[in-house]
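S.K.: Let the sequences and hints guide you as you build the complete structure.
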Amino acid sequence: MRYLSAGLLLIFLFAACSPTESIQEETVPGEEEEIPAPEEEVTETPDWYDGQVFSKADSVSFFGFSMASSSDSSEAAELSVETALQNLRFEIDRHAENTRILLVEEDADGEYSQPGFIVNLRNAVREMELDVYELNHEHEESDTGVHYVYTRAVLDRDQLPGIFESHLADERFLEKLQELE
1 MRYLSAGLLL
11 IFLFAACSPT
21 ESIQEETVPG
31 EEEEIPAPEE
41 EVTETPDWYD
51 GQVFSKADSV
61 SFFGFSMASS
71 SDSSEAAELS
81 VETALQNLRF
91 EIDRHAENTR
101 ILLVEEDADG
111 EYSQPGFIVN
121 LRNAVREMEL
131 DVYELNHEHE
141 ESDTGVHYVY
151 TRAVLDRDQL
161 PGIFESHLAD
171 ERFLEKLQEL
181 E
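In our numbering, the protein residues as written are 1 to 181.
In case anyone wonders, no lab produced these hints; they're calculated from the structure.
In this text, all values refer to a predicted model and were calculated from it rather than measured experimentally.
Some hints could be false.
Claimed, not checked - Here are the computed distance ranges between Cβ atoms for each label pair: (1) E165 with V119: 29 to 35 Å; (2) D47 with E75: 21 to 27 Å; (3) G110 with E141: 25 to 31 Å; (4) S59 with D107: 24 to 30 Å; (5) D131 with Q178: 17 to 23 Å.
We put the CB at the ideal spot given by N, CA and C, even for glycine.
M.R.: Take a look at the structure:
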């Protein structure tokens, strides 16, 4: 009996301490609280910038794109230009490789499938001077002082053989490079 009384006493104690209403708040759909957005200003990206496209080519030009951010505007600009030029170089390299592959398809045993030519081609792309490019910059500054610099580097297709010519003396390759779009 002693245990029965102690058990009943504990049950009454728990019942007295428990709340009379539900512990969990029920929310009615549509009455949820809105979380305030951060106060940082959203920057406007240029029309020509797409964060998922780093380089591309069309029938007229090659393009390299980049965006860099920093608390120092000159550091952001320098990094953005450097990255855009590297992306432009990547697109030129892709075009040169596609040209090489076409030449290999025409003559499978020719010089264009040889490792020596491939190494020379890669070195030519790496060492070429991209002095003939056009750079477009757009600069934004957020409320927190972060500078965003968007850069687009453009190289006309017509200029590509002339740039390659000083590094790679192969007329057939240079002609095919001009033909391929």
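S.K.: State for each hint whether it applies.
M.R.: Quick rundown of the hints versus the structure:
1. E165 with V119: 29 to 35 Å: violated (18 Å)
2. D47 with E75: 21 to 27 Å: holds (25 Å)
3. G110 with E141: 25 to 31 Å: Roughly 54 Å apart at Cβ, these two residues miss the hinted range, so it is violated.
4. S59 with D107: 24 to 30 Å: holds (26 Å)
5. D131 with Q178: 17 to 23 Å: The hinted range 17 to 23 Å holds for D131 and Q178, with Cβ atoms some 20 Å apart.
Hint compliance for this structure: hints 1 and 3 are broken, all remaining hints hold.
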